[in-house]
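Residue numbers (this note's numbering), protein chains in the order written: chain A, 285 to 703; chain B, 285 to 703; chain C, 38 to 365; chain D, 0 to 272; chain E, 0 to 272.
Errors might be hidden in some of the hints.
In silico contact screen, one side only, chain B against chain D (beta carbon under 10 Å); selected entries [as the list claims (entries may be wrong)]:
1) 512
2) 516
3) 523
4) 575
5) 643
In silico SDA-like pairs for lysine to any residue, Cα to Cα no more than 20 Å straight-line [stated by the list, open to error]:
6) C:311 x C:336
7) C:205 x C:257
8) C:205 x A:669
9) C:254 x A:492
Note that these hints are calculated values from the structure, not bench results. A virtual CB, placed ideally from N, CA and C, is assigned to each residue, including glycine.
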Amino acid sequence: MSSEPKQDTSASTALDRSDVRVKHQAGVGGAISAFFDRVRSGDLGSLPVIVGLVIIWSVFTALNPVFVSSSNLVNLLFDCSTVGVIALGIVCVLMVGEIDLSVGSISGFASAMVGTLWVNQGWPVALAIVAALAVGGFIGALYALLFNRLGMPSFVSTLAGLLAVLGLQLYILGSTGSINLPYGSNLVNFGQLLVMPDWLSYALAAVPGIVMLITGLRTVSRRRAVNLSAPSVGGLIVRVAALTILLELIVGYLNQARGIPWMFGLFVGLVVAMNYALTRTQWGRSMTAVGGNREAARRAGIKVRSIYLSAFVMCSMFAALGGVLSAARLASASQQAGTGDVNLNAIAAAVIGGTSLFGGRGSAYSALLGIIVIQSIASGLTLLDLSSSLRYMITGAVLAIAVIVDSLARRSRVSHGRA
Amino acid sequence: MSSEPKQDTSASTALDRSDVRVKHQAGVGGAISAFFDRVRSGDLGSLPVIVGLVIIWSVFTALNPVFVSSSNLVNLLFDCSTVGVIALGIVCVLMVGEIDLSVGSISGFASAMVGTLWVNQGWPVALAIVAALAVGGFIGALYALLFNRLGMPSFVSTLAGLLAVLGLQLYILGSTGSINLPYGSNLVNFGQLLVMPDWLSYALAAVPGIVMLITGLRTVSRRRAVNLSAPSVGGLIVRVAALTILLELIVGYLNQARGIPWMFGLFVGLVVAMNYALTRTQWGRSMTAVGGNREAARRAGIKVRSIYLSAFVMCSMFAALGGVLSAARLASASQQAGTGDVNLNAIAAAVIGGTSLFGGRGSAYSALLGIIVIQSIASGLTLLDLSSSLRYMITGAVLAIAVIVDSLARRSRVSHGRA
Amino acid sequence: APVTDATVAFLMPDQASTRYEQHDYPGFAAEMKKLCPGCKVIYQNADADASRQQQQFNSVISQGAKAIVLDPVDSTAAASLVKLAQSQGVKVIAYDRPIPTAPADFYVSFNNEGIGKAIADSLVEHLKALKVDPASGGLLQINGSPTDAAAGLIKKGIHSSLDNSGYKILAEFDTPEWAPPKAQQWASGQITRFSTQIVGVVAANDGTGGGAIAAFKAAGVDPVPPVTGNDATIAALQLIIAGDQYNTISKPSEIVAAAAANVAVQLLSGETPKAEMTLYDTPSQLFTPAVVTQENLKAEIIDKKINTAEELCVDRYAEGCKKLGITN
Amino acid sequence: MSDISDGPVSAGELVLSLRGISKNFGAVSALTDIDLDVHAGEVVALVGDNGAGKSTLVKILAGVHQPSSGTIDFRGKQVTMPDPSAALTLGIATVFQDLALCENLDVVANIFLGKELNPLRLDEVAMEIRAWTLLNELSARIPSVREAVASLSGGQRQTVAIARSLLLDPKVILLDEPTAALGVAQTAEVLNLIDRVRERGLGVLMISHNMEDVRAVADRIVVLRLGRNNGVFEPDASNQELVSAITGAANNAVSRRAERRKAAQAQSQEQRP
Amino acid sequence: MSDISDGPVSAGELVLSLRGISKNFGAVSALTDIDLDVHAGEVVALVGDNGAGKSTLVKILAGVHQPSSGTIDFRGKQVTMPDPSAALTLGIATVFQDLALCENLDVVANIFLGKELNPLRLDEVAMEIRAWTLLNELSARIPSVREAVASLSGGQRQTVAIARSLLLDPKVILLDEPTAALGVAQTAEVLNLIDRVRERGLGVLMISHNMEDVRAVADRIVVLRLGRNNGVFEPDASNQELVSAITGAANNAVSRRAERRKAAQAQSQEQRP
Ligand SMILES: Nc1ncnc2c1ncn2[C@@H]1O[C@H](COP(=O)(O)OP(=O)(O)OP(=O)(O)O)[C@@H](O)[C@H]1O
Ligand SMILES: Nc1ncnc2c1ncn2[C@@H]1O[C@H](COP(=O)(O)OP(=O)(O)OP(=O)(O)O)[C@@H](O)[C@H]1O
Ligand SMILES: [Mg+2]
Ligand SMILES: [Mg+2]
C-alpha cells in the first residue's frame with residue numbers, strides 16, 4: 285500500500301517532530317524541564333501515590349520511629365507479598381473491566397488444599413501447590429465460561445463463587461478446622477524467614493537500571509536510524525543513575541536487618557513479568573483494548589472471549605498462589621484464611637495504585653504500590669496503642685489521604701485536557 | 285423554529301407509525317403477540333428475574349413445604365425490608381456509575397446513633413431517627429465533595445468511609461457494646477410486629493391497578509388527540525386485571541398469617557416513590573443521563589455535580605434508614621450491626637435485580653426483586669438442615685441459577701441487536 | 038408426659054471455631070436421639086450475623102420448633118428473640134452465652150468470662166513459676182473480634198486476671214474477624230517494638246494464638262514466649278505438643294450439649310430441670326472448662342477421648358508425643 | 000448576566016466576539032491567538048484542515064473547555080463560561096462534532112435532556128409530539144423515537160443532535176460539521192434551516208469540510224490553519240483560493256488530484272475514438 | 000477457508016456476492032432481500048438515505064452482525080462470518096462509520112491492534128515508523144502518534160481508522176463514509192488511495208453521501224432505500240436521477256432547495272440593477 289509514500293518532512297526534522305504546534309525539548313536540560321512540564325500538567329504516572337506514601341511514612345515515623353526501622357520494613361515486605369500477589373490478579377480482571385469478588389475465598393481454598401494434600405495426605409509440597417493453582421485456574425475458567433457463554437455479569441458470578449468456594453474451603457478442612465504447616469519446612473521458611481543473600485540483592489537492585497540503559501540505548505539508536513525523534517541519552521543516563529542509586533540505598537538499608545525476603549522477590553518478579561506482559565506483548569495490548577472498548581477490539585479481530593478467559597484464569601491462579609503464600613506466612617491453613625477483608629484489600633490495592641475499575645487503564649505496578657500503601661497503614665497502626673474504634677477511624681482517614689494526592693494530580697490532568 | 289412544519293404523514297397513519305420497516309400490532313391480540321415477540325427477542329425487563337425466583341421458590345417448596353407457608357413468607361417480608369431499603373440507596377449510586385461500599389457501616393452507625401440518642405440520652409425517638417438520617421446524609425455529602433472537588437474514585441472514598449464509620453459506630457457504642465431498644469415501643473413494634481389491617485392491604489393492592497388504568501387511559505386519549513399511536517385499551521385492561529388479581533391473591537394468602545408488615549409497606553412505598561422519581565422526573569432523567577454519558581449530560585447543561593451529590597446523599601440516607609429499621613427489627617443496636625455481608629447483599633440485590641454496575645441502567649424495582657431473591661435463598665436454606673460448608677456452596681449455586689435466566693434473556697437481546 | 042415427636046432447634050452463632058459443628062451439634066443430636074428418638078433436630082449456624090440468627094429463629098418457629106437452644110450472636114439482641122418465642126409458648130434455652138436482659142427458660146454454658154480468666158491465670162502462674170520478673174517486660178493481649186460479643190466477654194475475663202497479676206500489658210489488640218493473619222501482623226509489629234520485653238502472649242483463641250506464634254517464629258525468636266489459646270483445636274494441641282504454644286482450653290462441648298438436650302426434653306415434657314444456680318434470673322447450669330497444657334494434655338484430651346493419639350501424633354509431633362507420654 | 004441574554008437581538012449586532020483566544024493541551028498548542036466575530040443574522044463558516052482547531056474553538060465557545068488565554072465578548076459584555084450550562088443560559092446552542100448524546104436514553108429523552116417539560120411530572124406525550132415535529136422538519140427517517148439512541152444510524156443520531164439545539168430559543172447556534180453524516184435530503188433541509196435561522200436574526204457559526212455547502216449558506220468564511228487565523232473570505236471566493244488557504248499551499252493534494260484526473264480523462268478520450 | 004483467501008485475485012473476478020440478505024432488529028427490518036456484487040478491481044458505491052441500512056449491510060459483511068437470512072459468497076464459495084476475525088481472515092478489511100477505535104490506546108496501538116508486529120516482544124519502533132508512513136500517505140496532521148486516540152480531532156481519528164484498514168493485505172475493502180470527517184486535502188488523498196487500490200485489483204465497497212465523490216471514484220452505484228435495493232446506476236447518472244432514487248421522489252428537499260435558491264438569485268438579480 286506504500287506505492288507512493290510522500291514524506292513532507294525534510295530529513296533534518298524527525299518524522300514525528302514535524303508538527304509545529306508541539307513543544308519539544310532536547311538534552312538533559314530538556315528532559316528535566318519536560319519533567320516539570322509534566323508535573324505541572326499532572327501527567328505523573330505513579331508519582332502522586334508515591335508522594336502520598338511518603339507522607340504516610342513520615343507521619344508514622346514521627347509517631348513511632350520504630351516504623352522505619354529496617355526490621356519493621358522487612359516485616360512489611362513479607363506482609364505485602366501475600367495480598368500483593370492477589371492484587372496482581374485483580375489488576376488482570378480490572379484491566380478488562382470485570383471484577384472478581386471471590387479472590388479471598390479462592391486464596392483460602394488454595395491454602396486449605398495445600399494443607400490437606402501436603403500435610404494430611406502426604407503429597408509432595410510442589411504437587412500440592414500445583415494442584416491448588418490448577419483448581420484456582422479451573423474456577424477462573426468457570427467464571428469466564430459463565431461470562432462468555434451466558435453473559436452473566438462477573439460481579440454476580442464471582443459473588444456466587446465467593447460463597448461456593450468458601451463452602452468448599454470449610455468442607456475440605458472438615459473436622460480439623462485448621463491445619464498446621466510444619467515449621468522448618470521449605471514452604472514455611474520461604475514464607476517466614478528466607479531472605480536473599482546480600483550480594484544477590486545488591487546485584488538484583490542494579491538489574492532494572494542496566495536493562496533500562498540497554499533497551500534505552502538500543503531504542504535511541506534504532507529511532508535515530510529511521511529518522512524518528514529519540515529521547516536524549518543524557519536524560520536516560522540521569523534517570524538510570526537515579527533509579528539505581530535509590531534501589532541500592534533501599535536494599536542497603538533493608539540489609540541492615542534481615543534483608544530482602546525471597547517471597548517479596550517472588551512478588552516483585554511477578555509484578556515485573558506481568559508488567560512486561562501487559563505492556564510489551566500482543567496479549568497485553570489486547571487486554572487493554574478489550575477493557576477500553578470491547579466492541580472495537582472485537583472488530584479488530586481480537587478473540588475477545590479468550591482474552592476474558594485468560595484474565596479470569598490468571599486472576600484466580602494469582603489468588604490461589606496468594607493463598608499458598610499466606611498459608612506459608614502463617615504456617616497454617618485455617619477456616620479464616622481468605623475471609624474478612626482480603627477481597628477488599630486486594631481490590632483496593634489495585635485501585636489505589638491507579639488501576640481503573642472501569643477497565644482499560646492500569647498497570648501491574650499498581651498492585652505493588654497499592655499494597656504497600658495498605659500494609660504501611662496497617663503496620664503503622666500496629667505500632668500505636670489505639671482502641672479498635674480509633675484504629676478504624678484512622679485507617680479510613682489515612683487511606684483517604686494517601687489517595688487524595690493522586691486524585692488531585694489526576695484532576696489537574698483533566699483540566700489540562702488529558703483525561 | 286417551527287415556521288415550516290412538514291408532516292409527510294397523512295392524518296390516517298399516526299405520526300409515529302409512518303415508518304414502513306416497523307411491525308406494529310393493535311388490539312388485545314396485538315398486545316399479546318407483541319408480548320411474545322418481546323419474549324422471543326429477549327426484551328423482558330424484570331420477567332427473567334421473576335422466572336428465576338419462581339424456580340427457586342418451587343425447589344425450596346418441594347424440599348420443605350413450610351417455605352411457602354404464609355407465616356414464613358411474612359417473616360421473609362420483614363427481613364427483606366431492612367437490607368432492601370439499603371439496596372434502594374445503592375441503586376441511586378449505581379445509576380450514576382458510582383458505588384458506595386460503606387452502606388453497611390452507615391447503617392450500623394445509624395442504628396448505634398438511634399440507640400444512644402434515644403435510649404441512653406433520652407431524646408424523642410423521632411428526633412433520634414432524624415439525627416441519624418441527617419448524619420447519614422452528611423457522610424454522603426462528604427463522599428460527593430471528595431468526588432466532585434478532588435475527583436477521588438468513590439470506590440476508594442467509600443472504602444475509607446467503611447472503616448472510619450465503623451470506627452465511629454464502635455466509638456459511640458463505647459464500652460456497653462450493644463443497647464436494647466425497649467420492647468413495646470412504637471419503633472420496635474414497627475420492626476417486629478405491626479401489620480396492616482386486612483382491609484387496608486386489600487385496598488392498597490388495588491391501587492397500582494387503578495393508577496395504571498387511569499394514567500393509561502389518559503395517555504391513550506392524549507396520544508390519540510395529537511395523532512400519535514396509542515396502546516390498545518383492551519390490552520391495558522387485560523394487564524390491569526391480571527396485575528390486580530395477582531396482587532389481591534398474594535395479599536389474601538399473606539393475610540392468612542399475620543398479614544403485610546407495615547415495614548414492608550414502607551419499603552414498597554419507598555420503591556414506588558423512587559421509581560417515580562427515577563422515571564418520571566427531570567432529576568431521574570438527569571441521573572440516567574449522567575450514568576450513561578457524563579460528558580454528554582454536562583454538555584446538555586445538567587449540573588452534574590449536584591446530581592452526584594444527590595445520588596451519594598440519598599444512598600447514605602437510605603443506608604441510615606435501613607440501619608434504623610434493622611435496629612427496630614432486632615430491637616437492639618449493637619457493634620456488629622451492619623458488619624458482615626450487609627454491604628455485599630445490598631449491592632448484590634441491586635445488581636441481581638438488573639441495575640448495571642457501570643451506570644445508566646437500572647430501576648428502583650431491582651432493589652425489591654433482588655432482595656427478595658437473596659432473602660428467599662437465605663430463608664429457604666434455613667429450612668434445610670445443612671452444614672455450613674454445604675450451605676455456602678448451595679447459596680452460591682442458587683444465586684448463580686437465579687441470575688442465569690436473566691443473563692440468558694439479556695444475551696438473546698444482544699444477539700437481536702438491542703444491547 | 039414424655040415427648041415423642043417434638044421439633045427442637047439448635048441455633049449456633051458463628052464459624053470462628055469449628056467446635057459448633059464438630060462437637061456441640063453432634064453431642065446434642067446424639068443425646069436427643071437417645072432421649073427422644075422421634076424428635077426432629079434442626080441445626081442452624083448464623084455466621085456471626087445477628088439478623089441472620091433472627092431469620093433462622095423465626096424460621097424454626099415456622100417449622101414448628103417447640104424448644105430452641107440458642108447460642109446468641111448478640112446477647113442483647115437475643116432478648117427480643119426470647120420474648121417472641123415465649124409469647125408463642127416456645128421454650129428457649131440459652132446456650133454458651135447468657136441473655137442478660139430477658140430471662141430464658143434455662144441457661145447451660147461454659148462461662149466465656151471464666152475462660153478468659155482461666156487462660157490468663159494459667160499463663161501468669163506459669164510465668165511466676167519460671168520466676169519471670171514482672172519488671173523485665175510485659176504481656177501482649179490479643180482479643181477477638183471487636184464486633185463479637187463473646188470476644189468482649191473473654192476480653193473482660195483476661196483483664197480481670199491480668200490487671201492485678203503484677204505483669205503489665207504492653208499492648209492490646211482487637212483482632213478484626215478473629216483473623217489469624219491480622220493477629221500475626223500485629224504481633225510482628227509488637228516484636229519489632231518491644232523485642233525481648235515480651236514475656237508472654239494472652240490470645241483469645243487458638244487461631245489468633247497461632248498467628249502470634251507464627252510472628253515469633255518469623256522474627257526468629259527462639260524460644261517462643263508462652264502463648265495462650267482457647268478451643269483446643271487439633272492444630273493448637275499439636276503446637277502444645279511441639280512446645281510452641283503454652284495452653285488452650287478444652288471445652289467438653291459434647292457434654293454441655295448433651296446437658297442442653299436433657300434440659301430441652303425435660304422442658305418439653307413439662308418437667309422443671311434441676312438448676313445449680315440462678316444467673317440473670319435464669320435457672321442455670323455451668324460447666325467448668327479445663328485449661329490444657331503439656332502437663333495435662335494426655336489426661337484432658339486423650340484419656341477423655343476428645344481426640345485420639347493417632348489424630349494428634351502425626352509425623353512431626355510423634356516425638357513430642359513420646360516425651361509427653363501420649364504414645365510410647 | 001440576565002440583562003445580556005434577555006433582550007431581543009437587533010439586526011447586525013455583534014453577538015459574539017473573540018480576541019486572542021489560545022488553548023494548550025499539555026505540550027500541544029491547539030489554538031493560538033484566534034480572533035473571530037459573529038453578528039446577528041449572519042452565518043459564519045469556519046473551515047480548516049483536520050486538526051486545525053475548529054472543534055476546540057467551538058468547545059471553548061460552548062463552555063466545554065476553558066481558554067488558556069484570551070477574552071470572549073457576548074453581546075458587548077465580556078463573559079466567562081465555566082461550564083456548558085453557562086453557555087446555554089447565555090443563549091449559545093451547540094451541535095458537537097461527536098454529537099454528545101446519551102446512548103442509553105431514547106430519542107425523545109435526548110432531545111429534551113436538561114430542558115424537560117414539566118420537571119416534576121414529565122410530560123412525555125407533549126415531548127414526543129414536539130420531537131416528531133422537529134425530526135420531520137429535518138426529514139429524519141427514524142423508525143421509533145422510543146428506541147435508545149444506541150440503535151440509531153450515524154445520520155439519524157446527527158439529526159437528533161441538531162433537533163436538540165433547536166429546542167431552546169438561542170441567540171447563537173454553533174454547528175460543528177452538522178451535515179457530515181447526513182444524506183442528501185437531510186443535508187438540504189439543514190441548509191434550509193440555517194437560512195431560516197439567519198432570517199430570524201440569529202448568529203450562526205458553522206464548521207464544514209464541504210466547500211459547496213459552505214459557499215451556499217455562509218456570509219463570511221473564516222479559515223483556521225494549525226491553530227491560527229489564516230484569512231477571511233467572501234462566499235464567492237474560488238475553490239482554489241479557499242483550498243490553498245486551508246492547506247497552506249497552492250500545490251496541494253486537491254489540485255494535484257484534479258490535474259491528474261483531467262490528464263486521465265484526456266488520455267482516455269484520446270484512446271477511445 | 001485458507002484456500003479461498005490465499006490465491007491471488009484475478010482481474011474482474013466476482014469476489015463478493017450477496018443474495019437475499021435480510022436483517023431484523025426486533026420489530027425493525029433494517030434490510031430486506033438485498034442483492035449485491037463486488038468484483039475485483041471494481042469500486043462499488045453504496046448510497047442511500049439516512050437509516051437506509053448501508054452500515055448494517057457493511058457490518059454484516061464485516062462479521063459484526065449475522066444476517067437474519069440470505070447467503071454471502073466470497074470468491075465463489077459460500078461463507079459464514081460468525082465474528083469479525085473471520086471476515087479479517089478471509090481478507091475483508093473494513094472502515095466502520097463509528098470508527099471502532101480504542102480511545103485508551105495511542106495511535107500506533109490502534110493502527111496495529113490485533114496485528115502487532117512481533118507478538119511476544121512488540122516492536123514499537125517498527126510499528127511507529129510504519130504508522131507515520133501510512134499517516135503521511137493520507138496527509139494526516141497528527142501532532143503525536145503516542146497520544147491516546149481520545150485526544151484526536153474527528154478527522155484525525157477517521158484517518159487513523161483508514162490507516163488501520165490498509166495494514167493487512169485485504170482482498171476487499173469496505174469503507175463506510177470514509178471521508179465524512181476529513182478535510183479537503185485528506186479527502187482527495189483518500190480518493191487517490193481508492194483509485195490506487197482499485198488498480199491493484201482489490202474490490203472496494205464505498206458508502207458516501209457525497210454524490211460528487213461517489214461519481215468521481217465509483218464504477219457502479221448501488222442505491223438502497225428503506226432497507227431494499229432501489230436500483231443500480233452508472234457513475235455518469237445525473238444527480239437528479241440519483242437523488243430521486245435515494246429519496247424515493249422526484250420532488251424532494253434537494254430539488255426544492257435548488258429551485259428556491261434559483262428563484263432567490265433571480266429575484267436578487269432583478270432587484271439589484
Ligand atoms: N483533549 C485534548 N487533549 C489533547 N489534544 C487535543 C485535545 N483535543 C484536541 N486536541 C488536539 O488539538 C488539535 C485540534 O483539534 P480539533 O478537534 O479542534 O480539530 P478540528 O479542527 O476540529 O479537526 P477536524 O476537522 O478533524 O474535526 C488536534 O491536533 C488535537 O490532537
Ligand atoms: N443495533 C440496532 N438495533 C436496532 N435497530 C438498529 C440497530 N442498528 C441499526 N438499526 C436500525 O436499522 C436502520 C438502518 O441503520 P444503518 O445504520 O444501517 O443506516 P445507514 O444506512 O448506515 O444510515 P446513515 O447514512 O445514517 O449512516 C436504522 O433505522 C436503525 O435505526
Ligand atoms: Mg472537529
Ligand atoms: Mg451508516
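Status of the hints after comparison with the structure:
1. 512: Status holds, d = 6 Å.
2. 516: Violated, about 16 Å.
3. 523: violated, 18 Å
4. 575: holds, 7 Å
5. 643: Residue 643 of chain B check passes; min Cβ-Cβ to chain D is 9 Å, inside 10 Å.
6. C:311 x C:336: violated, 29 Å
7. C:205 x C:257: violated, 24 Å
8. C:205 x A:669: Within the cut-off at roughly 14 Å; holds.
9. C:254 x A:492: Judged against 20 Å, a Cα distance of about 33 Å means the pair is violated.
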